[in-house]
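Trainee: Keeping their order, the protein sequence lines are chains A and U. In this text, residue positions in the first sequence follow our numbering: the first is -4, and each later residue adds one. In this text, residue positions in the second sequence follow our numbering: the first is 124, and each later residue adds one.
Warning: the hint list may mix true and false statements.
[Stated by the list, open to error] Residues from chain U that keep clear of chain A, each with C-beta distances beyond 10 Å, as calculated:
(1) ARG167
(2) ARG313
(3) PHE401
(4) PRO412
[What the hints assert, rightly or not] So, partial list: chain U residues that the calculated Cβ filter (under 10 Å) puts toward chain A:
(5) LYS168
(6) SER359
(7) SER407
Note that these hints are calculated values from the structure, not bench results. Beta carbons: idealized from backbone N, C-alpha and C, even for Gly.
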Amino acid sequence: MGSDFVMLSLVPMAIAALAAVACALPGNFLLLRRQSMLGDAISHVVLPGIVLAFLVTGSANPWAMLLGAGIAALFSVLLIELIVRTARVEPGAAMGTVFTAMFAAGVLALERSGASGVHLDVEHALYGNLESLIWLDAKGWSSLADPAALAGLPPELTVLAAVTAVVGAFVVALWRPLSVATFDEGFAATLGLPVRALSLALIVVAAMACVAAFSAVGSILVIAMLICPPAAARLMTNRLGHQVWLSLGLAVLAALSGYVLAGYGPLWLGFADSVSAAGMIAAVSGVILGLAALAGPHRRRASSALSTPAARPYKPPNA
Amino acid sequence: MAPAALPMFDAFLLQAGYNATLVTLGSMLLGVAAGVTGTFLYLRKRSLISDALAHATLPGVGLAFLLMVALGGDGRSLPLLLVGAGLSALAGLLCVHLLSTRTRLPLDAAVGAVLSVSYGLGIVILTVIQTLSAGRQAGLEGFLLGSAAGMLRSDALLIGFGGATAALLVILFRRPLLLVAFDAGYAATRGVSPARTDLMLMVLVLAVTLTGLKVVGLILIVALLIIPPVAARLWSDRAGVVVAVAGGIGGAAGYGGAAASATAPDLPTGAVIVLLAFAAFVISLLVGPVRGLIPQALRRARMRGHLDGTG
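For reference, chain U alone in the conformation it holds in the complex (with noise of 0.2 Å):
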């Protein structure tokens, strides 16, 4: 074997180092939650408020930096900056809330102007902070595209953290999710609040968003709660399966991605995970058995034999 194929080998074998094996465990745990989360928001109909919910962190991390910058610090610590990105978060969600609610923009309007406008405004801020630590980079655009590579021991335990910490809370809470996304009114007959499920959900999808933030990035996160249930649905019509389905593609796509951008400090992370993501979608549209296209085909044809055969 080429020796530059070598680190290559390692990475995907959890070989590469302490931190690049937390950051690799962290975005596999980071998929499976955002593949499973993202089954229920798919079946809720909410996959587009997560959108809206990621963008408008960027705000909350800029400004986060600052005030530690006039405090005295550096500006680093992750901690921080996602303690900022979460209060943001929650802004923006609740401004999604009140136009959607008390005015009569329809809800994707409310949506497509609070992922706009807050994804501007952290813009204005990521200047300002290009401007004062002239000659020193802050490293705050590696948040928007995400970047694996180069990261802290104690960010690559926080992202490990997170990510277990993510997968963990959806496991548990499962079976008041799946209840609500597919009848609301019989789960309240059972005693499962619907409302209080969907704030759940919305925790939820912050802890993923959080998370993945560092790895992913925000313009992509979207993406992680979106590909991986969508090609799930094409291998199954029973809930459970799906979700399954879904953090299996999910967990594949983060450790794939973050293993990659481990060998390859110019990938793109956020990018790679995504497109691997998309190649499961692809491979699930070929051959999913319940939609795919070559099972259809061969239903199909199968059919014609028969009816052939009977004549």
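Only chain A is shown next, with the shape it has when bound in the complex (with noise of 0.2 Å):
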């Protein structure tokens, strides 16, 4: 039992968990500027950018993906940069052209280039893989020590580790002018924050996540690790530091135990095998947010004018 699980569930619970505190994080802030949907787009570019790069490289190394999900995502947002300037159309209908549009071109290479069947396949793309990033070297336990054994990691687990190690240092370091500048961008302006560049970082920073995550859950449901952990949170605070704690701990907690039912719920129930660990993990940070949204302390829109957030004088969160 002990070495099976160190070979076969340790490392995607492990990725799965990482990947769901890289996207919680910048998801926060994502929420309270109204840019959900963001993750949305950027979620659906990363797929013609994996099978660039799978065409180009011919392998799935991870790293050759993020940068060509990097280099997909740069060109989508060029073009709808293009489309708004130059022919006057809505940012959010130049968005849902764009992305769509890539999207198609994404799935139409991947089925007619030859690249699916081997390393990835528009299954992969749509619902992720999370079940096959075993770790083959493991013999127990004590392979978490052993130098050898340790090379044998599947790289989606470094690329996710730096990659959430990016996402967190970027919030911890500009945590302040961040904060500032999502609940009230005037007044950052104000004081001199640059807040496009920040919001143009922050972009960026979701896009990193949600590339890394894609490996391991596939395109759609990345979503669900942007949206649905911070949205709980969201209801049960009005302290933003306590609501970034509050949805690490629930996309973690999302992240594990929804690969602990898809794994062993059927067992228990009598079934021979196990369900999508990615599905699973969406539909667990579903409930959760459906208990937030039905007992909540904070479920409902502040009533008095006087108790908006808006209203309150600003208190630094680590005053």
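Assemble the dimeric complex from its two separately framed chains, guided by the hints.
Mentor: Next comes the structure, spelled out in structure tokens:
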């Protein structure tokens, strides 16, 4: 049991938890800025980038895919900007046009290129391949101290750990300006904060998290990780600091319990096969959000004008 | 002409068999209905909600399949699968409504949460189905990205009928829809209830989504509701013209995509339809008379020449 667990489940669970944390962190700020659907756009645009990287390098190397997805995301931002500027199309409509078309191009390229099959196919792109990210070299818990076995860890784990560290460092380092600009962009601008650069940096960081999580959970479930834990936390507290910590806890809870339920739940019920772990993680995070919507202490909109955050004097989170 | 090119030609001239013809015509009508409905959605700023509605169909498709199998059927009846899809889409719509009105979450977060969670739930049910019918392909994956190939006669009839109904409904109700889209308050004084008209719009979106589920797939159906209106907007400032052009672009994309995939069965139909619509958008972006890049540049050049000439 112990060695099986380390080989088959430990790494997927760690990857799921890291992906959940990396997405929930920027998701908190996107939620408050009403930019949650940006994650929808980014996660769709990632697909053609990953297919492109696969076609160019011929392998499913996660670093190459990270680069390809980054290029695709940059291309889509430029294309949206071009359409908005030159043809005066509304930004939301331009975004919807570009991301659906790029996703369709990714699907077509994947189906026609013969890339589907070996490492990358449409199903993995749509619902992830968390279960296949196993640690073949592990013999048991002792392998965690064995350099030779550690070298055989799936590279997706390294990529996600690195991206989670970057996302965490970004939020910690820019906590004050980021929270001021999120609640009151105009006030932040009068303080001399570079609000446009901050907004762009947040989008870049969210895109990195989406791209890294894509390999684990596929393109659409990334959105659940980006939105559900922060939304549930938002219904439980009024303080941004509490909301962020709470969302991280809920994200890890959803990732781990979702994985366990998908892998072992059907066995408990007498079935022979497990179900999709990525789908189950999204479903569990939906249940958590549903519970928060039914019983969260701050689930309602503040009714009196005095109790809205904008009407209260701003209190720095770490004061 | 090379023999290999002939079947391609056949499908575009509706000569590739009765089923293929029905599906091609049905997709064309679906495209018209989607383009016109999408224009009203776009004017009412409700395009996002249709994305949640489309993704929320997946659990219903899976549950309807499981129910049919449990009752001894083979689970492939398209009408019953679509009933399940419709019911769960309505449940998803209700969740979006409750989350965005009863809690303090903004609408976009409610849409994203419902979209991704119901999709995840649907994927879980799909994996259950895969293990149940080991060795027997349930074919439900076709609902994700759409496939027009290998369709039964009854399914093709259903899609032709659905496309025609949706197109007819949207033409019948165009006046109240247009009135509410431009000025809900004025519409109310004229005796047109905005709430009831919005409900009508959602029924139309549901009809388009269910008809398109098999051909376009639930992930990309929203593109057929967004891209044709955005492209049509580049051609005119008049609402009637925008509606007609959007319907035309949607219809052409649906027709071309379904015909192309009737000849090459492994083409993902939904992706081809969306890319055709996007091609129409790119053409509109270049030559659209109102906001297109080339007419804009010509106007600027003429203005400059005019200024130079008169000094």
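Trainee: Each of the hints needs a verdict: does it hold here or not?
Mentor: Evaluated hints:
{"no.": "1", "hint": "ARG167", "verdict": "13 Å, holds"}
{"no.": "2", "hint": "ARG313", "verdict": "27 Å, holds"}
{"no.": "3", "hint": "PHE401", "verdict": "4 Å, violated"}
{"no.": "4", "hint": "PRO412", "verdict": "12 Å, holds"}
{"no.": "5", "hint": "LYS168", "verdict": "8 Å, holds"}
{"no.": "6", "hint": "SER359", "verdict": "13 Å, violated"}
{"no.": "7", "hint": "SER407", "verdict": "9 Å, holds"}
The structure shown violates the earlier hints numbered 3 and 6.
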